[in-house]
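> Residue strings, one per chain:
4 protein chains.
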Amino acid sequence: MYKLVIDEREKKYLTKKNVLQTDLGKVYLKGKEFGDIVLSNIGKKFYIIKPRIPDICEKMERRTSIILKKDIGFVIAYTGLGSGDIVVDAGTGSGNAAIYFANIVKPNGKVYTYEIREEFARIAMENFKIAGVENYVELKLKNIYFGIDEEDVDVIFFDLPEPWKAIPHAYKALKVGGFIAVYNPYIEQVKKTVFSLKKYGFKMIKTYEIIEREIEVKEEGVRPATKGLLHTAYLTFARKLTKI
Amino acid sequence: MYKLVIDEREKKYLTKKNVLQTDLGKVYLKGKEFGDIVLSNIGKKFYIIKPRIPDICEKMERRTSIILKKDIGFVIAYTGLGSGDIVVDAGTGSGNAAIYFANIVKPNGKVYTYEIREEFARIAMENFKIAGVENYVELKLKNIYFGIDEEDVDVIFFDLPEPWKAIPHAYKALKVGGFIAVYNPYIEQVKKTVFSLKKYGFKMIKTYEIIEREIEVKEEGVRPATKGLLHTAYLTFARKLTKI
Amino acid sequence: MYKLVIDEREKKYLTKKNVLQTDLGKVYLKGKEFGDIVLSNIGKKFYIIKPRIPDICEKMERRTSIILKKDIGFVIAYTGLGSGDIVVDAGTGSGNAAIYFANIVKPNGKVYTYEIREEFARIAMENFKIAGVENYVELKLKNIYFGIDEEDVDVIFFDLPEPWKAIPHAYKALKVGGFIAVYNPYIEQVKKTVFSLKKYGFKMIKTYEIIEREIEVKEEGVRPATKGLLHTAYLTFARKLTKI
Amino acid sequence: MYKLVIDEREKKYLTKKNVLQTDLGKVYLKGKEFGDIVLSNIGKKFYIIKPRIPDICEKMERRTSIILKKDIGFVIAYTGLGSGDIVVDAGTGSGNAAIYFANIVKPNGKVYTYEIREEFARIAMENFKIAGVENYVELKLKNIYFGIDEEDVDVIFFDLPEPWKAIPHAYKALKVGGFIAVYNPYIEQVKKTVFSLKKYGFKMIKTYEIIEREIEVKEEGVRPATKGLLHTAYLTFARKLTKI
Numbered sequence: 001m002y003k004l005v006i007d008e009r010e011k012k013y014l015t016k017k018n019v020l021q022t023d024l025g026k027v028y029l030k031g032k033e034f035g036d037i038v039l040s041n042i043g044k045k046f047y048i049i050k051p052r053i054p055d056i057c058e059k060m061e062r063r064t065s066i067i068l069k070k071d072i073g074f075v076i077a078y079t080g081l082g083s084g085d086i087v088v089d090a091g092t093g094s095g096n097a098a099i100y101f102a103n104i105v106k107p108n109g110k111v112y113t114y115e116i117r118e119e120f121a122r123i124a125m126e127n128f129k130i131a132g133v134e135n136y137v138e139l140k141l142k143n144i145y146f147g148i149d150e151e152d153v154d155v156i157f158f159d160l161p162e163p164w165k166a167i168p169h170a171y172k173a174l175k176v177g178g179f180i181a182v183y184n185p186y187i188e189q190v191k192k193t194v195f196s197l198k199k200y201g202f203k204m205i206k207t208y209e210i211i212e213r214e215i216e217v218k219e220e221g222v223r224p225a226t227k228g229l230l231h232t233a234y235l236t237f238a239r240k241l242t243k244i
Numbered sequence: 001m002y003k004l005v006i007d008e009r010e011k012k013y014l015t016k017k018n019v020l021q022t023d024l025g026k027v028y029l030k031g032k033e034f035g036d037i038v039l040s041n042i043g044k045k046f047y048i049i050k051p052r053i054p055d056i057c058e059k060m061e062r063r064t065s066i067i068l069k070k071d072i073g074f075v076i077a078y079t080g081l082g083s084g085d086i087v088v089d090a091g092t093g094s095g096n097a098a099i100y101f102a103n104i105v106k107p108n109g110k111v112y113t114y115e116i117r118e119e120f121a122r123i124a125m126e127n128f129k130i131a132g133v134e135n136y137v138e139l140k141l142k143n144i145y146f147g148i149d150e151e152d153v154d155v156i157f158f159d160l161p162e163p164w165k166a167i168p169h170a171y172k173a174l175k176v177g178g179f180i181a182v183y184n185p186y187i188e189q190v191k192k193t194v195f196s197l198k199k200y201g202f203k204m205i206k207t208y209e210i211i212e213r214e215i216e217v218k219e220e221g222v223r224p225a226t227k228g229l230l231h232t233a234y235l236t237f238a239r240k241l242t243k244i
Numbered sequence: 001m002y003k004l005v006i007d008e009r010e011k012k013y014l015t016k017k018n019v020l021q022t023d024l025g026k027v028y029l030k031g032k033e034f035g036d037i038v039l040s041n042i043g044k045k046f047y048i049i050k051p052r053i054p055d056i057c058e059k060m061e062r063r064t065s066i067i068l069k070k071d072i073g074f075v076i077a078y079t080g081l082g083s084g085d086i087v088v089d090a091g092t093g094s095g096n097a098a099i100y101f102a103n104i105v106k107p108n109g110k111v112y113t114y115e116i117r118e119e120f121a122r123i124a125m126e127n128f129k130i131a132g133v134e135n136y137v138e139l140k141l142k143n144i145y146f147g148i149d150e151e152d153v154d155v156i157f158f159d160l161p162e163p164w165k166a167i168p169h170a171y172k173a174l175k176v177g178g179f180i181a182v183y184n185p186y187i188e189q190v191k192k193t194v195f196s197l198k199k200y201g202f203k204m205i206k207t208y209e210i211i212e213r214e215i216e217v218k219e220e221g222v223r224p225a226t227k228g229l230l231h232t233a234y235l236t237f238a239r240k241l242t243k244i
Numbered sequence: 001m002y003k004l005v006i007d008e009r010e011k012k013y014l015t016k017k018n019v020l021q022t023d024l025g026k027v028y029l030k031g032k033e034f035g036d037i038v039l040s041n042i043g044k045k046f047y048i049i050k051p052r053i054p055d056i057c058e059k060m061e062r063r064t065s066i067i068l069k070k071d072i073g074f075v076i077a078y079t080g081l082g083s084g085d086i087v088v089d090a091g092t093g094s095g096n097a098a099i100y101f102a103n104i105v106k107p108n109g110k111v112y113t114y115e116i117r118e119e120f121a122r123i124a125m126e127n128f129k130i131a132g133v134e135n136y137v138e139l140k141l142k143n144i145y146f147g148i149d150e151e152d153v154d155v156i157f158f159d160l161p162e163p164w165k166a167i168p169h170a171y172k173a174l175k176v177g178g179f180i181a182v183y184n185p186y187i188e189q190v191k192k193t194v195f196s197l198k199k200y201g202f203k204m205i206k207t208y209e210i211i212e213r214e215i216e217v218k219e220e221g222v223r224p225a226t227k228g229l230l231h232t233a234y235l236t237f238a239r240k241l242t243k244i
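Residue numbers (our numbering), protein chains in the order written: chain A, 1 to 244; chain B, 1 to 244; chain C, 1 to 244; chain D, 1 to 244.
Incorrect hints may have been included.
One copy or any two copies: either way a pair holds, since identical chains are not told apart in the list.
[Unchecked claim] Distance condition first, Cα-Cα at most 35 angstroms in a straight line; then the derived DSBU-like pairs of lysine-lysine: (1) K50 with K140; (2) K218 with K45; (3) K140 with K26; (4) K12 with K198; (5) K17 with K110; (6) K110 with K11; (7) K26 with K142.
No lab work stands behind these hints: they were computed from the structure. Just so it is clear, the structure is predicted and the values come from calculations on it, not from any experiment.
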């Protein structure tokens, strides 16, 4: 079983090994429980806790940049994603979005995630197991531009280079009242997405950018962090309002 | 059962009446199904859909400003809130945060929400029913500054005027690895919160501000919205890493 | 001569009258000097000061929205606008940008400002006089899309619906090392501007958005203002590096 | 005389040497004029232009971080800094703010800049010469917390660790209608500044944060830059409205 180990600098390690090698020494994990503090062989303190979903998404193997909490959180809250929902997610990438969604919709909901790159699919499948959501995600080695198999879907999330190619399929797949959320780094993609959503009957189309600023609270004073991430992507939302 | 009615301007109405009075005419809802389009008595088009959680939180009765999707979403994603989690929430207010959380943790998780103002509690209870989460939320008419009854809690969320008064209780209530998230409009509250979190043993303390910008995509061009909301609150997160 | 009168709520009035009528009473200004405090006929306090450029730009007559300080300031600092510079400005609008520029480049520099709408030109001419820069601004009732008369220009500023139509003229008019700054509300205009700048030989092309947040410092705490302006325009800068 | 040399990557070099050594080869500058293109000994293209103020401030020697264009520009526009103004600036640092101000107020205005660290003063004096503003800046090796010698000042700019210590002096030094602008990285400094400004009679007190986002316009699409600067400082402005 995976443990999350945290050192004195608050650096995280996700491991199922008995011995963890770090630049702050060797840490013996065998027989240790969540909540224990362990000293490394050079006397440095390490905490051991049960990993939660964000820990796993942060430390698991990945080939792509993951969707950040600020964006995935906005998708979850905007669509009201909840227990029992049926979700379609494409492309899977390293599985980060599907893990977040599955952890919410289980045990009665399901996430269907589409990916065409076999190597990514393999990594994602492994990550679903680490996150304990493998029974609530079905990975499909299929090109979503050619169609969506599911029906009566509550929420669809697209992180695709050309999302407009799958928008007519999305409309067909969604339940009345369901949401589509599209993640686009570039403005040009946002425009094509919005015009395609309109064309295929979607309503309540809105686009947002979510900006995260870290605030540093120190003895010497409070100020926003000096440098950091300025942009990830735009999020476009729309809704299916009628049966046809 | 409540219906969400949407007019041609995309204005929403949450109702369980048979006849809805609007400035675009009277809408007869009896016998109508989700996905139907209805014309008002003056010929205006109305859509009828099943409300999802954000619709209910937007249109339900409330005495306080609600926590916005950008903020509630960040709390959910940052803590990895998921199915089965035990959550403590205070103060309840109109119930908006508790509804989002309960809709995620159900059917096996639970939200315990603390409120001292009876009038708010009454409104919140009604809202839990409308949102269909009444079996997964327990409202406590108690002052959380005096203590938290629950143990082994996964996530604690505070939207309180003086959150530092409940921080020692929060530490005791949390499971190892659990998160606290504190919502503070003012910088002074952030400072007191951070120093209190440190004092009572919390680790991995981070503060963020989440900024939402709407992007207008029109025929004449794309640009961020001219005016809008600039600030709601800061979100401070921390974690319990050891048993004691 | 114009006086700036400021009431107890810090509302500003720009006037050359002897008696100022306000909702806080009548204010007798005859014989009053800058620095005087005057009581209105209902006993309210009014300050009288000599207006500076931002006061005049804020209170003068205008038919268009003015370019905000955050944007005009960035243009000034980015181009290093200074004493003696030759500036071309188009369109004039109410004269706001030309006034700021002239106030900096005088007494040895000059601002040439192009406007095709006679009504705007008339208002701008009046505003130049109020601001005391009428000897350092030359208003041209000409369409800048058809050409720029000036040569060896230090800084060119465009606030035009189709700035790319004047970009080849700008290149010809600029001194080696000179700057062009283009103000565009829409992303599509930015793209066309950038591609045109590249095509006509400009180098060091950069685009920025400047965002202003007001911070409220009150007894009860510090926080950014809740609501406000989110977007005005993008600013694209470029430079002429060679004689041809 | 200093030349600004720009390589193919748009990297800048400020030099008065005859031969410039770069990682793209040796560049022979003797006899070259502004506007010339020179090839290095390995065939790379270099542009030669006359430096403007922002070039000098960017490339001159400095021991401190300089005040960015977004901030210095906002100070200039907010106060309406112009030809002929008398400015007090403290602390001098590398002279960056004083150079911008002097370049605007000359030939009839003047900048008085206070610095207590001799080493910084020496560097700043050298920088004033490079920028050609040495006749319009007077550097004072004095502690501004002990007093301001000047009277009838138009604009005062403070970039000091404890600006409140000089605020009573600032009030005395300012002309009626004049502005003070205070640059503070931390919120705590902002609060102390605001409360001190109020205490010593200043009016129209406002605090802002200016945020700059670079927008990348590329063939593949338009998007804000991924990473960058998030915070420099807050700018607090106030005004003297009465003689006493």
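> Quick one: K140 to K26, C-alpha cut-off 35 angstroms, is that within a copy, between copies, both, or neither?
Classified as neither: same-chain Cα gap 40 angstroms, cross-chain 47 angstroms, threshold 35 angstroms.
> My question is about K218 and K45: at a cut-off of 35 angstroms on alpha-carbon distance, are they close within one copy, between copies, both, or neither?
within (23 angstroms within a copy, 43 angstroms between copies)
> When no copy is specified for K26 and K142, does a C-alpha distance of 35 angstroms or less occur within a copy, between copies, both, or neither?
For K26 and K142, neither the intra-copy (44 angstroms) nor the inter-copy (47 angstroms) Cα distance is at most 35 angstroms.
> Up to 35 angstroms between alpha-carbons, please classify K12 paired with K198: within, between, both or neither.
between (44 angstroms within a copy, 19 angstroms between copies)
> When Cα atoms must be at most 35 angstroms apart, do K50 and K140 count as within-copy, between-copy, both, or neither?
The answer is both: 30 angstroms in one copy and 29 angstroms across copies each meet 35 angstroms.
> Is it within, between, both, or neither for K110 and K11, if the alpha carbons may be no more than 35 angstroms apart?
both (33 angstroms within a copy, 31 angstroms between copies)
> At 35 angstroms max between alpha carbons, let me know whether K17 reaches K110 within a copy, between copies, both or neither.
both (31 angstroms within a copy, 33 angstroms between copies)
When held up to the earlier numbered hints, the structure conflicts with 3 and 7 and fits the remainder.
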